[in-house]
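J.: Each chain is listed here by its residues.
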Amino acid sequence: KAGVTQTPRYLIKTRGQQVTLSCSPISGHRSVSWYQQTPGQGLQFLFEYFSETQRNKGNFPGRFSGRQFSNSRSEMNVSTLELGDSALYLCASSLGGHRGNTEAFFGQGTRLTVV
Amino acid sequence: AQSVTQPDIHITVSEGASLELRCNYSYGATPYLFWYVQSPGQGLQLLLKYFSGDTLVQGIKGFEAEFKKSETSFHLTKPSAHMSDAAEYFCVVRGVYNDMRFGAGTRLTVKP
Numbered sequence: 001k002a003g004v005t006q007t008p009r010y011l012i013k014t015r016g017q018q019v020t021l022s023c024s025p026i027s028g029h030r031s032v033s034w035y036q037q038t039p040g041q042g043l044q045f046l047f048e049y050f051s052e053t054q055r056n057k058g059n060f061p062g063r064f065s066g067r068q069f070s071n072s073r074s075e076m077n078v079s080t081l082e083l084g085d086s087a088l089y090l091c092a093s094s095l096g097g098h099r100g101n102t103e104a105f106f107g108q109g110t111r112l113t114v115v
Numbered sequence: 001a002q003s004v005t006q007p008d009i010h011i012t013v014s015e016g017a018s019l020e021l022r023c024n025y026s027y028g029a030t031p032y033l034f035w036y037v038q039s040p041g042q043g044l045q046l047l048l049k050y051f052s053g054d055t056l057v058q059g060i061k062g063f064e065a066e067f068k069k070s071e072t073s074f075h076l077t078k079p080s081a082h083m084s085d086a087a088e089y090f091c092v093v094r095g096v097y098n099d100m101r102f103g104a105g106t107r108l109t110v111k112p
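Sequence order for the protein chains is S and H. For the first sequence, my numbering gives the first residue as 1, with consecutive numbering after it. For the second sequence, my numbering gives the first residue as 1, with consecutive numbering after it.
These aren't lab readings, by the way, just hints derived from the structure by calculation. Careful, some of the hints might be misleading.
Unchecked claim - Simulated DEER-style distance windows between Cβ atoms: (1) S:79 / H:80: 48 to 58 Å; (2) S:39 / H:84: 19 to 29 Å; (3) S:58 / H:5: 15 to 25 Å; (4) S:86 / H:45: 17 to 27 Å; (5) S:69 / H:60: 25 to 35 Å.
Unchecked claim - Calculated cross-link-like contacts (lysine-lysine; reagent style DSSO-like; alpha-carbon spacing at most 30 Å): (6) H:49 / S:57; (7) H:49 / H:69; (8) S:57 / H:69; (9) H:49 / H:68; (10) H:49 / H:111; (11) S:57 / S:13.
To be verified - Facing chain H, a subset of chain S residues (Cβ under 7 Å, in silico): (12) 42; (13) 43; (14) 48; (15) 56; (16) 60; (17) 103; (18) 106; (19) 107; (20) 108; (21) 109.
Where a beta carbon is used, it is the ideal one built from N, C-alpha and C, also for glycine.
With the sequences and hints as input, model every part of the structure.
T.: Written as structure tokens, this is what we have:
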């Protein structure tokens, strides 16, 4: 069974631009969550979607947004990019449900560099 | 709010020696706890998980961890380290809506 697929793997953008990252979860998984990983802040939770609804959001500015489609694929958008947005963005998929005893599987990540 | 503390930023062990990576959590209820490993430039791989039941959990690659509620700890151990174990290790507590809170990570170096 295919794992979590994130595209693109690498991206270089200019300050002020916007970017969209994509995540295809494991077939049958309905929950997708997003994380930002930087050397200074470590791994931080961005938001989680389940059945096209955002259920929880981390402490990030409104420039970070996301959505989930009916096939559970998810996109994350960052507008007005800043240098500090350079990071590895990881998505994770799981079966979902309310605190179900299921584990999350991570994609390889998208490495975003803002210049 | 849930949180995780990994007090050791970097640990070095010799190949064949035992290792312990420490993790303490803070959570209002019985937590769901995980250990993930990340090799350079890679995503995260699940080593083991604790949901309930037996407090000593076995994972992949010979790792195990023990959930100790009284100490709010979930330390990761392995009896004999291999060179291939060199990586970054993250302890994670999961909240209500699959929002995982990561520790700062412990970088493990294995000396020949």
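J.: For which of the previously enumerated hints does the structure constitute a violation, in increasing order of number?
T.: Violated: hint 16 alone.
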